[in-house]
Amino acid sequence: MSEGWAFIRLKTAWELISGRDLSPSEYNDKNDGIPYITGASNFRNGHISLVRWTTVPQVITRRGDLLLTCKGTIGEIAHNNFGEAHIARQIMAIRNIYSLNVDFLALCIEYSMTKIKQAANGLIPGISREDILNLVIPIPPTKEQENICNKLKATFSAIEHIEKSLN
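Going by numbering that gives the first Met the number 0, the first residue of the sequence shown is number 0, and it counts up by one from there.
FYI, nobody ran anything at the bench for these hints, they're computed from the structure. In this text, a Cβ means the ideal position worked out from N, Cα and C, and glycines have one as well. Some hints could be false.
Stated by the list, open to error - Pair ranges (Cβ atoms, derived):
#1 39 to 110: 15 to 25 Å
#2 83 to 28: 13 to 23 Å
#3 97 to 157: 24 to 34 Å
#4 132 to 72: 12 to 22 Å
#5 25 to 165: 43 to 53 Å
#6 140 to 30: 38 to 48 Å
#7 4 to 28: 45 to 55 Å
#8 55 to 142: 38 to 48 Å
#9 28 to 94: 26 to 36 Å
Could you put the whole structure together from the sequences, leaning on the hints where they help?
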């Protein structure tokens, strides 16, 4: 292991918030209240599509949280860059409690997703809280986390550019 690196379980540095469903009478499509994120249908290429709202939120995600689908279509990831929203039970919010690099965390979770999906069970696949809380995450020094994220973003961008040019 490189100097300055550590391996920790996700639960030691991040809070995991499990969503709760609302009844149809508790949400609307009139932009009244705060957004209500119901599941994978809200996730589009790492971004959240906001189509429902609620005036009676119970489980709140905040700006900066990492959102993860955990029931049905599992493993979709997006950053909350819009502010407060209620999350349904198909969603978990991972909240950074020590100001660690959330982009680096997202990369670590994406890397672990095959293993996470193999642990999903039942008629409707699902990820348990323990599946996420017990993930072992490598934590390099902050500057190295930033460098890794920047290099991977550049690589993914180059791959996307090549794919578009081939179409």
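We went through each hint and held it up to the structure:
1. At about 20 Å, the beta-carbon gap between residue 39 and residue 110 stays in the expected band of 15 to 25 Å.
2. A beta carbon spacing of about 18 Å between residue 83 and residue 28 agrees with the range 13 to 23 Å that was offered as a hint.
3. Residue 97 and residue 157 have their C-beta atoms about 32 Å apart, which keeps the hinted 24 to 34 Å range intact.
4. In this structure the supplied range 12 to 22 Å holds for residue 132 paired with residue 72, their Cβ-Cβ distance being about 21 Å.
5. In this structure the supplied range 43 to 53 Å holds for residue 25 paired with residue 165, their Cβ-Cβ distance being about 46 Å.
6. The hinted window of 38 to 48 Å between residue 140 and residue 30 holds, with their beta carbons roughly 43 Å apart.
7. Against the hinted window of 45 to 55 Å, the Cβ-Cβ separation of residue 4 and residue 28 comes to about 47 Å, which satisfies the hint.
8. Taken as a hint, the range 38 to 48 Å holds for the pair residue 55 and residue 142, whose Cβ atoms sit roughly 43 Å apart.
9. Separated by about 27 Å at the C-beta atoms, residue 28 and residue 94 satisfy the suggested range of 26 to 36 Å.
Every hint, counting from the list given before, is met by this structure.
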